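Peer 1: Spelled out, the chains give:
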Amino acid sequence: MQMNVPMLSILTFLPLGTFVLLLLTPQGSSKLHRNLSLCVSLFVFLISCVILKDFIPTSIPQFAERFPLIDKWGISYSVSVDGISIFLVMLVTFLTPIVVLCSYKYITKNTREYYGLILLLEFGMIGTLVAADAMLFYVFWEIMLVPMFFIIGMWGGERRVYATIKFVLFTLVGSLLLLIGLIYTAWKASKGGHISFAISDMHNVVLSTKEQLWLFGAFSLAFAIKVPMFPLHTWLPDAHTEAPTGGSVILAGVLLKMGVYGFLRFVFPILPTASHLFAPVMIILSIIGIIYGALVAFVQTDIKKLVAYSSVSHLGYVMLGLFVFSLQGFQGGMYQMINHGLSTGALFLIVGMLYERRHTRLMSEFGGLAKTVPLLAIVFMVSMLSSVGLPGLNGFIGEFLILLATFAASPLYAAFAASGVILGAVYLFHLYQKVMFGPITKQENEKLPDLSFREAIIMIPILLLMVIMGLFPNPILKRTEPSMQKIIQQVNLSTMQTRDFSAALQQDQGSINHDR
Amino acid sequence: MTADVALLLPVIIPALGAIIIFLLSAFFPSRAFALFITVAAVILGAVFTHGWNNSYTLFSGMLHIDSFAQISALFCFAISGIAAIAAPSYFKRMNLDFGEEYYALLLAATAGMVIMVAANDLMVLFINLELVSITTYIMCGMNRNSQKSTESALKYFVTGAASAAFMLFGIALVFGSTGSTDLTVIAAQIHSGNSGFSTPLFPLALLLIAIGFFFKLGLFPFHAWLPDVYEGAPTPTTGFMAAAIRTVVGIVLIRLIVDLFEPGMPSLTAIVWWISVISMTIGNLGAIRQNNVKRMLGYSSIAHAGYLLIGFVALSSTRLLGAEAILYYLISYSLMSLGIFIFVGQVEQKGESDLQFDSYRGLGLRQPFVGLLASILLLSLTGIPPFAGFWGKFSLFSAALHDGYTGLAVIGALNSVLSAYYYFRLMVNMYMKTPDARETNSSYVRAPLVTTGMAICSVLMIWLGIGPVSIGNFLPSVNSLWVSIGNGVSVLLH
Amino acid sequence: MTVLFFSLFAGIAVIASLCMLTRRTALGAAISLVVCFLAFAGLYAMLSAPFVAVMQVVVYAGAIMMLIIFVIMTVDTEEEILQKERGTMIGGILATIIMIVGICVYELALHTAYLKPQDASLNGTIANIGSLLFTRHVLNFEMLSLLLLVALVGALVLTKQQKKKTEAR
Amino acid sequence: MDRQSIEQLLWVIPFAPLIGALAIGLLCALSPKRGSFPSRTVVGFLACLGPLASFMVAGGVFLALGKSPETTPVHQTLFSWIQCGAFSINFAFEADRLTAVMLMFVTFVGTIIHFYSIGYMGHDKGYARFFSYLNLFLSAMLILVLGSNLVLMFLGWEGVGLCSYLLIAFWFDDEAKAIAGKKAFIVNRIGDFGFVLGIFLIYTTLLKNGPSSLEFSFLATHAYLLAPVATIASLLLFTGAMGKSAQIPLYVWLPDAMAGPTPVSALIHAATMVTAGVFMVARMHFLFDLSPLSGQLVAGVGIATALVAALIGFGQNDIKKVLAYSTVSQLGYMFVAVGAGAYSAGIFHVFTHAFFKACLFLGAGSVIHALHEEQDIRKMGGLLKKLPITGTTFLIAWLAICGIPPFAGFFSKDEILWSVFNTWGAYGKILWVLGLFGAGCTAFYMSRLVFITFFGKNRSSTAFEKIHESPPIMTIPLIILALGSVLVGFFGIPEALGGSNVFASWLTPVFGEHTSATHSNFIEYVVMALSVSVAFIGITIAYIKYVRKPFIASEPRGIAAFAEAAFHVDALYRIVLINPLFSFTRNILFRVVDVAIIDGAVNGIAKLSSVSGGLVRRLQTGTVRTYLYYFGAGAALLMLIVYIGKW
Amino acid sequence: MESSAYIGLAITIFFIGVFGMLVRKSAFLFLMSIELMLNSANLAWVTFAKVHGNLDGHVYAFFIMALAAAEACVGLAIIVLFYRKRRSVILDNAKEMSK
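Residue numbers (the numbering used here), protein chains in the order written: chain C, 391 to 906; chain W, 88 to 581; chain L, -9 to 159; chain V, 263 to 909; chain Z, 3 to 101.
Honestly, the hints are just simulated from the structure, not real lab data. Please read all numbers here as calculations on a predicted model, not as lab measurements. For glycine and all other residues, C-beta sits at the position ideal for the given N, C-alpha and C. Only true hints are included.
Pairs of lysine-lysine residues, derived as BS3-like cross-links and limited to a Cα-Cα distance of at most 25 Å, are as follows: (1) Lys387(V) with Lys761(C); (2) Lys719(V) with Lys807(V); (3) Lys150(L) with Lys97(Z); (4) Lys150(L) with Lys87(Z); (5) Lys719(V) with Lys647(V); (6) Lys495(C) with Lys421(C); (7) Lys578(C) with Lys462(C); (8) Lys179(W) with Lys150(L); (9) Lys811(V) with Lys648(V); (10) Lys648(V) with Lys728(V); (11) Lys869(V) with Lys520(W); (12) Lys495(C) with Lys761(C); (13) Lys837(C) with Lys387(V); (14) Lys499(C) with Lys520(W); (15) Lys832(C) with Lys387(V); (16) Lys648(V) with Lys719(V); (17) Lys719(V) with Lys811(V); (18) Lys811(V) with Lys647(V); (19) Lys837(C) with Lys761(C); (20) Lys179(W) with Lys87(Z); (21) Lys728(V) with Lys641(V); (22) Lys87(Z) with Lys97(Z); (23) Lys876(C) with Lys470(V); (24) Lys520(W) with Lys495(C); (25) Lys600(C) with Lys581(C).
Some chain W residues close to chain Z (C-beta under 8 Å, calculated; not the full set): (26) Ile221; (27) Glu238; (28) Leu241; (29) Leu260; (30) Phe262; (31) Gly319.
The following block holds chain C by itself, in its conformation from the complex:
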């Protein structure tokens, strides 16, 4: 069904190659650095578009490549895409040129390193998503950490060192336990004494409930830190606040999703029983995250911190959607991930634009900007509405599906989660009012340049996507559905639940009748 060209490898390694190439260029020529990285990232995006075009909506992994790497440990270089990863890959390739473009003015020092690291990060992210081997996944997973560490630490704000070390240590605690968990599972999945890290083999592993619970602890710690779920979120505001705009965009846009992706790829298929046992805890944590993130976002004075906490809230929805184990929830979660990547990414970009203009991120320093920068105000408005989940924009689809699925599972949970809809409006409209509306109180704000051509080029594709995805979600939903069905099957196998919540409810009904 596919060509012989190793599309995914090209997609993955092109950024790495450019990273190396960039390192060979002289330090001063920042124009070369950014144009080169822009071209490459655009080209990567094109490749990913080709992949998307040829993607067939089934649950079968596609564009698969396999090359044994370490036979001894059953590790191979094995990549493929399926419905879970394809759109996250697209998100990565879509956001990277934007991140490159948005850094043109902001990054003036060490451009070679900066753009190189962005591309390295892209390499890591794509690799994580396309890896079909658990160890390969892990390798890429950790590779993502390094450029982010440097990006925050080298181009960040005042407390960048604290933030980046916190980010690294937080992430490492989780990921090293993940490593242990993966190895353990791989041994369990071994056939005839030969350990195997192929994810497909891992999916067939049989684990006792006790093992599952422990492994769930290890896996979900790693992924929940990355997501981040409620009590493990404190690295995020710091990292976001200190990171440069591009870093924040990637962090919020893609890196956080890796946690969710991990749940989809590993936790649910491998540990179905434990997932079900832990579901109430995870759901409650997600709901706390939704409400807590929103409330705490409201009291922030730093715009970027506000947006950062809003991520906690949004990702709470995603996790909530996953842990109700129904197709709608999974699909909604998936969709919400992409939405969050776009809307929060856009918000961070806007915060960055404001920062470039005023060199502050304190809400009190702004006010009345809609008058001086009307176009920016429009862009901000649309991004905010997308984030709030206004119907017609992308955010709605995800939230709606998630809440619907949650309601089907438990109306009470849904009621609590839906209160986040109100709170989301509260903090974002509060932000918008403080920044864009009201009289101009600071003299500096009276003569700010409006959206430049470059900035418009950055924002327009995002805004268009928000609208398109809000009105035509089906092209995406259709492609992710088979894979989601498959996970649902895997996760619900142990508890004899069926995949679609409709069917699940019917079965409930049936059993009630039967009892009677």
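Go by the hints and put chains W, L, V and Z onto chain C.
Peer 2: This is chains W, L, V and Z only, laid out in the frame that chain C set:
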């Protein structure tokens, strides 16, 4: 006999090289020539290990030359070679004479190491271990201008001599129990169960030997010398010690565990478990609080020794997974620690070495290439994939998990997080802090040879980690590396 | 007879070594040690190891100890203050523990009947040992010679006074 | 036009204004020098084009539905919107007779107000932006009305909310206005919270009995399945309606919404958007029918709102605020009607209210325009002479809202009161009495407004001579709307008065026969007479108070002050809900939980490691003999372990 | 004579050496303690050689003497070096590096 000589060439060449340099230094002192001889001897020696493909027994069983010895010897040569090319810059800066003797000592130690990895006799082991140790005592004290260097030599000598005495007494007791020092004979005796194996003195004797090795690895509670000695010794020496001695002792310990400890002293596993846990924790906690980079690396190598022991916990004569993991880990660890030590030393100026973290401020940006190499090494030390350091830890954890030591693996993993703090701290200083004005005097000294050494280490970190294909004979693909490690270790199975 | 000699030598060895332990001056300790080593030589002779016994006298009691004494006298060291030293609690406690362990080991060594009866045929003459040295143990022998060379040069390297001037070699 | 072609053209109704909005927006955004291009004429033309087109197609729909013998709705599916497993939502429009009524008056009033705005906003800097928003609003409103399923309706629902926000905060450089906009959106969101949950409940309940859908047609036929959850579901939906239609306790946003330009108040916050709640309840009538309890609650909330708002209206001095509270009050009546199951009465009131309230607002706008943005009625007076057209139309609308026959308000309000009277026995009677009282109040405060504004002496700061009537572009819409206020009532002449109640029978296919008319005509006459006389009483009192005695602006005292402060409801909300929540968040959640506990734990672990690191360093004394102690102790310990462990 | 007596003596002397190593501060005394320990090991070697009739023990005893010589040589050199720096041979004075 000629065949024997040919087989012994990897030992003879460095030994001869050492003697030649000794002689030359007395009459025609030339550092460059000494370096040349050293490198040549190392390369030649490495080339001649090619003959070690098959198994041979030499000197009535005292040496077992086999593929295990081959792969180990190759790395001994690699380490010595890199340690050698890193030295000139240091000696020049420190304004020291006797540079030639350094190379000679290095070669003598190499010869000793090569014998050790092939040794199948406790006394051969001991004598050569002493050769290596005494050589390093001297190398530690070579920076005579430095108070610290002298102190380091003194401390190393004092503790080292004590450990040697313990070990020797242990070997004597083993000899008493079994009537032989030949490992094969001892193992056979233990397995036949008719000899001193059943005597209660035997485990104690083994313990005394083990203590000697634990000391050399720097494991708790025999670790205390390590930070001081590492800090005080001339940095190339520190690198050599951290890399070479650790590797050789570890490799020898594999043999000993398989032939001696595992059958003769089953309770050792539990002890090793605890020592491993405490060592990594103490090493990491100690390193967190250091402001001196060299000392930090010293503590961190205590922690690394702790990781290494994970492999020993998961090692026995029937399950060689641990052995493979240890071998790989040693190879990777020795290269990266050597690389990082020679990097660290390049900031040193004449006089007392005081390598504060602050001294590295902004270095990564001023010296981008060196910075990149150092970052690779640091990431590898932390255990960030895809570098070899990660795969070392991975294989250790994997071996431990295979044998059911989940707790140990988890503790190891959590300890890695601690270690990330101080390794990343160095990168933080290199990239994220601007240098103070007063720090100008301690800037990095460019030295092509040092950079080459670092580059070799870094490239190997990548290639031994994920190299998909073999390039020539000396850059194996990761798959073939594991195959040869597997083959090497399988020799140990009886 | 053997018991008498053994008791004599062993007694001397133990007393001499204890003497070494308690001498205030390093020189005194060194002299005690020489006595101890000589007693050892006697024991070796009793164990039909004439070569070792001779070597003990020549190398150990002679060369090594002479070297140590020579250096002690060169360095002209200040004397250790034993009073203070005895006060070190840790040392005392540790030493006690170690003695207990030692007694355990001792007990083990004495009360286990693992030792085979002695082999009377053994004769450690210089000829026998010499032939072993150059056949079976030639490797160790050679390495030891290398070691001695290293030690020699090392001692030289360490103790030679640094030249004041920078050498441009 | 035949039915098929109308079905094909249904999409034009919402999309024509949308296209207008986008076109204006893009023109405005892309113009190199903002403000100069596009010219106001072009913008005005573009802005009116969309609503006009919608109105025409809506007329076509209306005719098609009227003509056709079959009463099945006109339906057009554009595309499948959300398709996820069994859950499927189409982007489809559907118009039945209820929709047609809504479409007609929304597009009609909308178009008129667009024309009016050309005049009213003529000198505003945000001219183009205003029309863009207004068009967008119309589009959203039409989607709300036309959507064939609950989710699409929700899209329109939120869309109008957004536009309402944008338009309230139109003059955003006034912080109070910006805050008012935000408040409107957030309060609406609280309602939406219930709405969404209601949708979920309906969907999942239906799901238990087989395939489920949120299409209205499907819901109508499967409503019986919803019986077990009808009360909860209907109340959840009603929560949404409470937000949108400003019912207690969520009405607080509407008075503040008057911060927006007056045409906005007329269109959004009087005629169309705020009645969306009523429309939704009517649309979901089959659900409300299933639960008498929720019907009673709805009516109860409605009457309470009607009364409270009317009482607050007594004390208001801002011309628009008075109208706003009257809107809240009238909306209460509408909910009384739909709560009582008299859906057609409710919708009829929505219909008539749209005309007279729009007329009132536009009239008020005209006054404000003439007085240069003066809104305080205490600074007006005697304006009838200066603003004859505005004044006359205002008076007509006033009579309509007071319920004086034969103006439109009379018929619709009377129908509501009559149907309440007929329902639920005692409860209905109580509601009726209260409603009657409310009607009296309405008459009073509206008359107060009219008398103070248009009669008596001028108290304005503007020189009386300089006050001019508004231009024709503003007055013609007023006249049209005033005509409407007079005429539209005749669609619903009750049978007791010899009419045939065209309106009710038009809606019969939607709501079914209203079967509660069991009383004799006589009682109906009495009821009618009572309501008319109550209205007259109200007007008379106001006349005595404000015309006979000359009006003197004074500091209000007692109840008047209380009413002027809108019963301090906002303050109450702030003190009881908002402030505690946010101070809890700031002081407990953020400072304690986030910073102190969670981050404290994280930093604590780091600190702990550091402290233990210090301990490890303490072990390292630096003297080699200590190391030897460690060595010896370690060796001894290990030997002991081995010794004890073995034997 | 029982060989265990010799072994007992060897162990006694060994632990006297350990004791000396721990309690004496002088570097010379340390060196001598080490020599004592090596000697006790030698005694063990020779005894065991006798027990097993294996002459290797003698050879090794000889080797150990050589080794001890080398060690003493280097050790003394280090002590002298240290003495030059510190004018002391007390081990406790070597505390430049700590913590």
